[in-house]
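Chains V and E, in that order, give the protein sequences. Here the first sequence is numbered in this note's numbering, starting from 1 and rising by one per residue. Here the second sequence is numbered in this note's numbering, starting from 1 and rising by one per residue.
Derived from the structure by calculation, the hints contain no laboratory data. Please read these numbers as outputs of a predicted model, since none were measured by experiment. Ideal placement from N, C-alpha and C gives every residue a C-beta, glycine not left out. Treat the hints with care, as some may be off.
[Said to hold, decoys possible] Each pair of labels, with its calculated beta carbon distance range:
1. V/I105 x E/A115: 52 to 58 Å
2. E/M47 x V/P73: 22 to 28 Å
3. V/P73 x E/A90: 14 to 20 Å
4. E/G48 x V/K67: 39 to 45 Å
5. E/T181 x V/A30: 34 to 40 Å
6. E/A115 x V/G110: 27 to 33 Å
7. E/L173 x V/L23: 25 to 31 Å
8. E/I11 x V/V10: 31 to 37 Å
9. V/L17 x E/L173: 28 to 34 Å
10. E/D194 x V/K67: 28 to 34 Å
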Amino acid sequence: MKERDESPIVLIVSRILSPFIMLFGAYVIAHGHYSPGGGFQGGAMLASSVLLIRLTAGSRISELQFKRAWGTPLGIAGVSLFFGVGLVAVLFGGQFLNHEFFHLIPGVTGPMLRSLSILVIEVGVGLAVMGILVSIYDDLLEEDERREDL
Amino acid sequence: MHWELEITLLIFGVTAAWLSIATRSLLTSAVTLTVFSFLMALSFVTMGAIDVGFTEAVVGAGVTGIFIIIAIFKTARPSPETSGSRFRVAKLAVLFLFGALLIYGSTGLPNRGNANTPLNHDPSAAGTVNAASYYIQNAYEDAATPNMVTVILADYRGYDTLGEEIVILAAGLICFLVLRTTRERRERERRKSDRFNR
């Protein structure tokens with residue numbers, strides 16, 4: 001940004017609010033089976049809680065929470081997790097992304113197995129969306145941050 | 001169903017959209033666009049599409065506003081001039097004609113939730129099982145998950161969601177490749193500016 005006015009009110013409010021947004025994002029991802037929401041919405045909420053601290057406190061403080069270099073690897077890890085669920089089904093003899101064949105947990109079959117693999121997929125989607133939204137923000141502001149460091 | 005609520009939301013939405021076009025300040029129009037997104041999210045909820053409304057509220061009213069404001073700050077802003085007043089009548093006529101065409105087209109659509117449309121027939125016109133009614137009847141038995149939308153997104157239509165994730169990843173990687181400068185380019189720029197300063 002052009003100039004950052006250090007306002008203690010904004011900083012304190014965002015410091016109090018950000019953990020609750022992050023907790024609610026994790027809840028939305030984990031509770032997507034029973035309530036509206038899921039990986040995409042929860043991931044966007046996790047990203048916005050990180051972006052709130054980044055906007056108010058600046059990148060130097062915010063990088064203690066979430067490093068600038070983590071965004072893109074986290075996104076790739078999330079998409080790989082999604083892809084891996086499909087490949088596990090292929091390894092156990094089913095079609096790609098056929099969750100009936102996600103036989104990683106012993107003793108669970110049928111509908112419960114599909115439910116579990118949906119949970120893994122939602123976590124992957126959430127990680128991917130969070131990482132990529134934060135990394136786009138960092139890429140857009142990269143030049144300014146570098147000038148700050150000099 | 002809740003027509004009073006829907007009309008109120010739509011009036012506020014049209015007002016927010018008009019404000020975001022009419023205002024001179026780009027920041028004001030960014031804020032009114034997020035207001036418009038949030039009103040659209042509320043009207044999606046009144047239509048019963050809670051998941052879509054949730055996504056619109058989180059993405060449209062939350063993250064997109066931040067990105068638009070960053071883009072405004074990062075780019076040069078030419079002072080807004082009053083231009084384009086030449087073919088004013090012709091432009092207005094084209095706009096109204098297009099709006100009339102859209103309204104005329106919308107009269108051919110079936111009402112929301114109408115059971116007699118071909119979309120909701122079971123079996124479908126081709127004689128197969130209709131996808132929508134299959135999902136509604138079998139989602140819980142198939143995947144032991146009460147939220148039908150989650151089952152459709154992650155299980156029945158897993159390929160589509162995977163493609164969506166790959167699109168998001170591609171967007172992030174493009175931003176990474178275009179905007180993040182390498183160390184060599186940074187060094188070159190610094191050398192160039194040093195030469196210039198000397």
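For each hint, the structure was consulted:
For V/I105 and E/A115, the hinted distance range of 52 to 58 Å is not satisfied, since their beta carbons lie about 41 Å from each other. The hint said 22 to 28 Å for the Cβ distance between E/M47 and V/P73, and at roughly 39 Å that hint is violated. Checked against the hint of 14 to 20 Å, the pair V/P73 and E/A90 fails, with Cβ atoms roughly 53 Å apart. Taken as a hint, the range 39 to 45 Å holds for the pair E/G48 and V/K67, whose Cβ atoms sit roughly 41 Å apart.
The hint said 34 to 40 Å for the Cβ distance between E/T181 and V/A30, and at roughly 38 Å that hint holds. Restraint check, E/A115 to V/G110: a C-beta distance of roughly 32 Å satisfies the suggested window 27 to 33 Å. At roughly 29 Å, the beta carbons of E/L173 and V/L23 sit within the given window of 25 to 31 Å. One distance hint, 31 to 37 Å for the beta-carbon pair E/I11 and V/V10, holds here, with the actual separation near 32 Å.
Between V/L17 and E/L173, the C-beta spacing of about 31 Å keeps the proposed range 28 to 34 Å intact. One distance hint, 28 to 34 Å for the beta-carbon pair E/D194 and V/K67, holds here, with the actual separation near 30 Å.
Hint check: violations occur at hints 1, 2 and 3; the rest are consistent with the structure.
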